[in-house]
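> Spelled out from the first residue to the last, the chains are:
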Amino acid sequence: MGGYVTNFVKVLPDKGTIEAYRIIGEVNLGVLAGVINRYTEDLVASFLSTDYGELKAGVYVTSIGDYHLCKEDMRAKIKDALKKYREERIAQGLSVDESLNVNNITIEAALSISSTTYVVANLLNNFLSKVVPRELQCPRRPGERAAICLDIDFLEREFWSKKVVDKDERFIDFCNDYPSLCRDTGDSCSKFFKVVKCITMRFQHMVSDQEEIYLVLHHYYRRLSNLDLKIVIDYIRDNHIDLNTLLGVRVNYRTSKDRTWICKIASINNNELILECEEKNIRIGISELDNVSIAVNPTYSQSRKFIGEYLCKEFDKHKDLNRLYPSRYFSILENDIEIVRRIIGKPCIGKVYFFIDRRLRRVW
Amino acid sequence: MRLYTIFKPTDFKFRFANGTSVNAYNIINLEPLSRSPIYEGTIEGVDKYELILILYQQDKARLARKLLEDMRDGLRENKKIFPGFNQALKTNIEIEAVSFSNYGPDEIYDVYTQHGSPDKVFPLIVLPKVNRSIYDSIYYRTKAMFLANDIPSQVVTEDLIKDEARYRWSLLSISIQIFAKMGGVPYALDRSVIRAEDPSSTSIAIMGLGISAHPLHRRRGVGFVTLFDHNGVWNFMDSKVLSMDKQEDMSERIAELLEKSISKILSTSSKKYNILIIHYSGKEIGRKEEEAVRNAIRNAKSMNKFAAVYVLKIRDSDITIGQQDGPHKAKDGTITWYPPVGATFQLKPDVYAIVTTGYFDLSEGTGRSRIKANIYVGLPTIKVVARHREVEILNHEFNISDKDLLSTVFGMCRLNYVAISNPVSKEPVTIRYSREIAWITLRLIENRVNVSKLSRVRYVMWFL
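Protein chains in written order, with the working numbering: chain A, 112 to 475; chain B, -6 to 457.
Any given hint might turn out to be false.
What the hints assert, rightly or not - As a list, the in silico DSBU-like pairs of lysine-lysine whose alpha-carbon atoms are at most 30 Å apart: (1) B:Lys446 with B:Lys41; (2) A:Lys428 with B:Lys419; (3) B:Lys324 with A:Lys430; (4) B:Lys239 with A:Lys375; (5) B:Lys419 with B:Lys1.
Think of the hints as simulated: they come from the structure by calculation, not from any bench.
Produce the entire structure from the sequences given, and follow the hints as far as they go.
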């Protein structure tokens, strides 16, 4: 075919405009959009901080699905979302923005906006986190909008055995060579790690002769870790390994929803451990570990040394899977389009269906 | 999306003292561009140095001897690859080696100071290989120890000296880095990255602006600027510590950093029109940091003294591009689909994707095509470059197009003193060293060293 192949797949709306509402008001509109996305089931919102073309700044909200939502119903749903948000913040002991009240916002009359405009790409991105089944979602890395993690058994069961896509990935050989990194085999590698195929996706607004929306797909293989310190300590005790092997290991200590400390294990015995966290030492009883969130951080050298020596020698092997040429990558990515189509189906927001093309975009 | 342009490495030749070339290796024949900083007259540069002192751990005498002999006399098996430090760079500097007993920054520094004045002796330190992502490593601690005393240094790893294949091709790069750290300018671009309509009255400065967080204390960070001229000649750098959890404070301090840098740029320019092009890196920054940078650019009052200020945000991307009929093949004959380095695609007005790792052909136009790649395996690197018009300043109408602005990014990717066999780095030099600059700056501050008082290292590329 020639030319340049990209990891973009065209998204084709079945109508020229979508129905949406614009919300303005003396409230933190960024937070409002987040609350709508998180605490409603059938609404999706996007915050536009500055005017963009013909679109004025504000929060754009639309319904998920092929039905009309009147302004009163929308207001009721937002009111309910704000209530849930407020209750959750109070329950967590967090401050609440008192101005974030449905009486402080104005919902303008329903708008018809182009279904390929910038704000629609953002609405579709926020829709993704609602449509991807929770069990397939994986922790997002910086910059990723939506990521699905597929283990070897899921791929086999749902796609390869049903011949939905070709079975032509090195991942299969990899899992044959290192079964304990892919499946629950009961040994230490499978206790702490699982290598999965990760497909990331996001909608991208583009403008050439006309406005268009593309789905940007990317895949890589990654290692999911379960390095909860309590589990690690139990394992090394059960296997009669000296607890002092943990000295110097770096851990993530999550103290609240928004705060994670990176700490070093400075001392440990059967009863307690001392973490050195940003110039202060924190003493924690081993028996209290069930109630706190502390996990070994595998990016630091001391942690890696510990993991390689005592938990799983081959824990970095998945990196080999990502050493491939673009020619091979794109051949796998052609299959990924079908996988993604099956998982997210035909997104429908603001009474418009968005069909995902079957081909990667080529550029000449 | 459309193919916008393809920047070719051969269109960005290097300028040396006695001619130009597409290939940095030609420094051996054409001589370094300058032996002293072009923008800081008070710094004497390379000629003040009398000695390069190789410092090695006493058990590694064999490795040190090999390095010493090769630096002094050239690579034994092939002097064309590396003829020796003085022979390659036309200097007259003694090279000696001395041992220390243990790997410790204090001891290494003590041994160094026993062998002469820091003004005349350049330290070349042999250390074990460590992962550069380790903040507490001997590498960063030793570098910081010397910098705290206003002394740039060069580190060579023991593993590199043992690895014959890599070592022989690294000797010239090591020498060029030492030359740059001494205050010399090895080479620059032969063309201005932007073609100004009236070059005699216009000066163009390219600024790298970045923020890096402390690897262990996420609330602490560093904002930094690096400054180059329109040919990619190094000017100066500066940095400031930031509280990463306070957006307003961050913004204020970056604005202060910009004010200071602007005043320095303008004080040394005699041109009627001064243009500033800012490359800012979004590598480690989220929405809060980005907002802080934008506010800082808006709030820095002296920005208005420029005839024009352009702002480009450069970030990593998840975009992948392959060239299906591309000419590059792997060693086993596999067609890789790597795209050409410099291929630039427009995603929408003001937003572009530039390929910085892929294939290239430096012999283009000579009749004997030799396709090579600056990536061994894996996916090509695509940088997204967005022009931020909302913070631009245009006090005078210049005809600077998007293509001109993008060429500042590609041109700065050409400038690479660290791995000279690679004709295009995956990041422009303006923002490439954010981690080195940030981590060492943070370490110096932790050791209560006032970075702004380090007069010597501020004007050399100590972070290479």
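> All the hints need checking, so say for each whether the structure fits it.
Evaluated hints:
no., hint, verdict
1, B:Lys446 with B:Lys41, "holds, 21 Å"
2, A:Lys428 with B:Lys419, "holds, 25 Å"
3, B:Lys324 with A:Lys430, "holds, 21 Å"
4, B:Lys239 with A:Lys375, "holds, 25 Å"
5, B:Lys419 with B:Lys1, "holds, 14 Å"
In this structure, none of the earlier numbered hints is contradicted; all agree with it.
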